[in-house]
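From the two separate chains plus the hints, produce the assembled complex.
So you can see what is in the structure, the chains are spelled out below.
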Amino acid sequence: MNNEIWIYAETHNNLVMPITYQLITKAKEITNNKKIVVILFEGLNDNLEDLIKEYGPDEIMIYKNDFIKKSGDRVIATLLSELVLLRKPNSFLFGATVLGRSISARLQAKLNTGLTADCLDLSFEDDLLIQTKPSYGDNIMCEIICPNHYPQMATVRPNIFVAKKDLNKIPLITKITNLKIKEDKNIKVYEEKPLLSKGDSISNANRVIAVGRGAYNQKNLPLIEELALKLGAKIGVTRPLTDLHPFSVDDQIGQSGNTISPRLLINLGVHGAVQFTSGILKSELIISINNNPKAPIFDYSDYSFIGDAHDFIKALLNIFQ
Amino acid sequence: MNYHIVVCVKQVPVSNNLKIDPVTKNVIRGTEAGVMNPFDKNALEAALKLKERYGGKVTLLSMGPKNFEITLRGGLAMGSDEAILLSSRSFGGADTLATGYVLSEAIKKLGDVNLVLFGRQSIDADTGQVGPIVAEFLGWPQITYVNKITPLTDGFIKATRLMENMEQSIEAKLPVVLTVRSELNNPRYPTPRNIQLSYQKKITIWDEKDINADLNRIGIKGSPTVVRKVWTPEKHEKKTINLNSDPNQAVLEILEVLRAKNIL
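Going line by line, the protein sequences match chains A and B.
1 is the number of the first residue of the first sequence in the working numbering; add one for each residue after it.
1001 is the number of the first residue of the second sequence in the working numbering; add one for each residue after it.
This is chain B alone, in the form it adopts within the complex (with noise of 0.2 Å):
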C-alpha cells in the first residue's frame, strides 16, 4: 500500500500579544514570527511514520501568506517531500468554511492523494473545524481527535479516537481524513542532514485560478461568518498576598483566611 499522504498545517504567533487590525478586525499577521502550530507537527510525524513503514509520499498544504514559507520549510526539514502554498489575496479573511473549501480543491487538484491529517485544531483561533469541513467536501470519511493509527492490510486504517469520557475504536477505508491529538506521539526535530536538504525540496505555490476556485466560496465573500467586535478582556490581575516564607507560618496564615471564609 503506497500512501500519498498530505499533511495540513498552519503557522500560529509565537506570542499570544497581538494586535489586531482596527478596520478589518483581523490579526495584523506578518509583523511577529510564526511557527507551525504545535498539533499539526504531530500529524506529520504521524505522516513521516507512515511513509517510513509502507512507503509513499508526504506533501505539506498550507494556506496563508508568503511567509507562511517558513513553516513549510520546517515541515520540509523534518522529512516531507514537498510542500504547497495557496497564497493569494483573495483567499485572505477566509473562515473556516472557505478556509475548507480552499485546502479541499487543492487536494482534490493533486488527486491521488488518500489520506489527509490535520492537528486537531490550531491554537490561535482553536476551532479543529477545517478537517472536519475538507473531510464533507472530499466527500471521505473523517476520524478526529486521533491517539493511535494502526495501519491495516487492503487500504483500509484502524485508529482511536480519545474523547472526553471514551475511546472509540474506528475502522475506515482510505482515502480518509485524519486529525490527530498530542498524546499521538513526539514530534521528531530536523537533523542538520535534513535542513540542508529541505533547502533542494520545492515549495509550490497555487492561487485561484491554480485551483479553479469559485470566486464566491473564496476569502471574506465564502465566509458566512462576520467577527463584529474583538477585544482584550480585562486581565484578571489580582492583588496577591505574599506569604511567611517559613512555611510553617504560611500554612498558618492560610488556615486563618480559609476559615474566615468558610471554605474549610
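Pulled out of the complex, with its shape left as it was, chain A reads as follows (with noise of 0.2 Å):
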C-alpha cells in the first residue's frame, strides 16, 4: 500500500466542482503524512489542472481523452481502478454528489473494498481513515472504518469543509499515458445539458429565505420574491415544492438538497421534516413562520412567529416601503 490520499477531481462543462477543492482542503488538515494526489480527467484541450493546484495538493495526474465525457460510470471506474491497482493508495476520496456516489460504488465492487457514503467528518489514525456519516435522516451518526481492504474509500458531503488556497504548494503535475480507454459500446452519454442556474447557489448565500408548503401559493410567491429582493435574500424550499414552478431540485434545502449556512434563514410554512433541518443547523439565526405552534421547526428557530405566512410577509415589506 501506498502512503497516498486520492481525490477524484469532479468536473462538468470544464468546471471544477467546489467539492474537489473542499476535499483537499480537508485532506491538508488530516494528512498523517500522506501524499494528497488529485486524480483529473479531462479533453484534450483542457487545462483544470491550473485552477486545482491553486488549493495546494502534492500531486495532480492528468489524463486527457476527449472520449471520457461521453462515456458512461463504467468507463470511468474501469479507468480508476487500473489507476488504484498500478499505485494502491491508502485512501480514495469523492464527492457525495451524483457523479461521485456512482462511479465509486461501481470502483468499490471492482476493487473489493468498503465504501462509507455522504460522510460529514474524516480523520486518521496512523493509517486508519476514521469516515463519521449520517443515518436514519441525520438522526444516528456512526464512525465507520475499513480495516482491512484498500483503498478506504468514502464519499463527502458537499459544502461540509470549507476550501482554501495554498498557494505556497506547487504540486507535481504527472501526465498518465499508460492507460488504454476501452469504448463502452452499450452506452452513451449523447447530450449533456446545464440546467438554468439562477445564479448564486443557495448553500453560499449569507441570508435565505425558505418557503414550505404552508406558504406557497400564488398570492405569495410575489411577495416572497420582492422581500427575498429587498433584504439581499436567496429563496429555496422543501422537498415537496422541488416538483413546483418555478422551483427545481436546484432550489432545495436538506439533507438531499443544498446544506446551508447563512446569517439569517427566514422559514415561510416549513414544517420542519429531519430531512430539512438537517440541512439548515449552520444557519447563525433562524426566524420561522408557521400558523402550528406544534411544528418541529419550531425546535431548531431562535425566533417564532405563530401565525399567517401572509400576514407577516407583508408587515415585513411594509417596513422596507
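Derived by calculation from the structure, the hints in this document are not laboratory data.
C-beta atoms are modelled at their ideal positions from N, C-alpha and C, and glycine is treated no differently.
A partial selection of chain A residues facing chain B, derived with a Cβ cut-off under 7 Å: (1) His12; (2) Gly72; (3) Gly114; (4) Pro194; (5) Tyr303.
Here it is as C-alpha cells:
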C-alpha cells in the first residue's frame, strides 16, 4: 500500500466542482504525512489543473481523453480501478454528488473494498481512515472504518468543509499515458444540458428565505420574491416544492438538497421534517413563521411567529417601503 | 421487446426513533413497523408502466428478515407479478458490498432479466451504492438518478439523468441497471382488486444455498466496512423566543435583533 490519499476531481462543462477543492483542503488538514494526489480526467484541450493547483495538493495526475465525457460511469470506474491497482493508495475520496456516488460504488465493487457514503467528517488514526456518516435522516451518527481492505473509500457531503487556497505548495503534475480506454459500446452519453442556474447557489448565500408548503401559493410568491430582493436573500424550498413552478432541485434545502449556512434564515410555512432541518443546522439566526404551534421547525428556531405567513411577509415588506 | 424487470426494494422503518443494538451496533429491526423505501416505489411504478406498455413481467427482489414480506406484499398489490425475498441469518449484518453481491447472484439465477430498477437511495442508510454495485457485479451498464425513461426499439433504452447542475441524456443497450429519482413519476396506490389478487401471488424465499453464494462474500464476513461507534447527535433544540402575535409588532422585534447582531 502506498502512503497516498487520492481525490477524484469532479468536473462538468469545463468547471471543477467545489467539492474537489473542499476535499483537498480537508485532506491537507488530516493528512498524517500522506501525500495528497488529485486524479483529473479532462479533454485534450482542457487545463483544469491550473485551477486545482491553487489549492496545493502534492500531486495532480492527469489523464487527457476527449472520449471520457461521452462515456458512462463504467468506463470512468474501470480507468480508476486500473490506476488504483498501479499505485495502491491508502484511501480514495469522492464528493457525495450524483456522479461521485455512482462511480465510487462501481469502483468499490471492482476493488472489493469498503465505501462509506455521505461522510460529514474524516480523520486518521495512523493509516486507518475514521469516517463519520449520518443515518436515518441525520438522526444517528455512525463512525465507520474499513480495516482490512484498500483503498479506504468515502464520499463526502459537499459544503461541509471550507476550501482554502494554498499557493505556497506547487504540486507535481503527472501525465498518465499508460492507460488504454476501451469504448463501452453499450452506453453513450450523447447530450449534456446545463440546468438553468439562478445565479449563486443558496448554499453560499448569507441570507436565505425558505419556503414550504404552508406558504406556497400564487398570492405569496410575488411577495416573497419582493422580500428576497429587499433583504438580498436567496429563496430555497423544501423537497415537496422542487416539483412546483418556478422551483427545482437546485433550490432544495435539506439532506438530499443543499446544506446552507446563512447568517439569517427565515422559514415561511416550513413544517420542519428532519430531511429539511438537517440542512439548516449551520444557520446563525433562524426565524420561523408557521400557523401550527406544534410544528417541529420551532425546535430549531431562535424566533417563532405563530400565525399566517402572508401577514408576516406583508408586515415585513411594509417596514422596507 | 418483452421485459423481465427486477425491482429491488428495501423495507425502511416508519419512524426515525430507532433502537440500536449496543453490541452489534445494528438497528434493531422487527421492533417497529416497516414500509417500502419511497424511492423504490418510484422504481416499481416505472417498471409497471413499462410492462403495461410493452408487455413482460415485474419481479420484486429484496433482502432482509421474514417480516419484509409485508413490504413485498404491498408491491404485489401495486401490480408486480411475483416477489423473491432473500432471507437467511447468514445474510445479516451486510454492508452495501455484501448486499449488492447477494442481489446480483439472485438476478443471475433468474437468468432472463433485462432491466433492473432501484430507487436512487434508501432513506435510512442513504448510500445509493447498491444499484451501481449490482450493475458492476452483473457486468452491465448503469444509469443512475434517472428522472425520465424513454424505451427505444431493438433493445435500447434512453434515459435522462438529473445531476446537481445539469441533465445528461444517455442511451444504453439492455440489459441495464437504472436507479430512479422521485421526479420520475407518482407511484400508484393499490386498488382493492389488486390487493385481493396479491394474496394469490407467491413470495419465494431464497437463502444462501438457493443462490449458490460464496460464504465469504455474504453477511458480516463479506462486508469490508465496520461500524465502530453509533451515537445520537445532540438535539439542536434551541431556546425559542416567541414573537408578538401582531405581525406588525413581531417584525419590529425582529428588526431590532437583526440590527443588534449586525445581520441587517
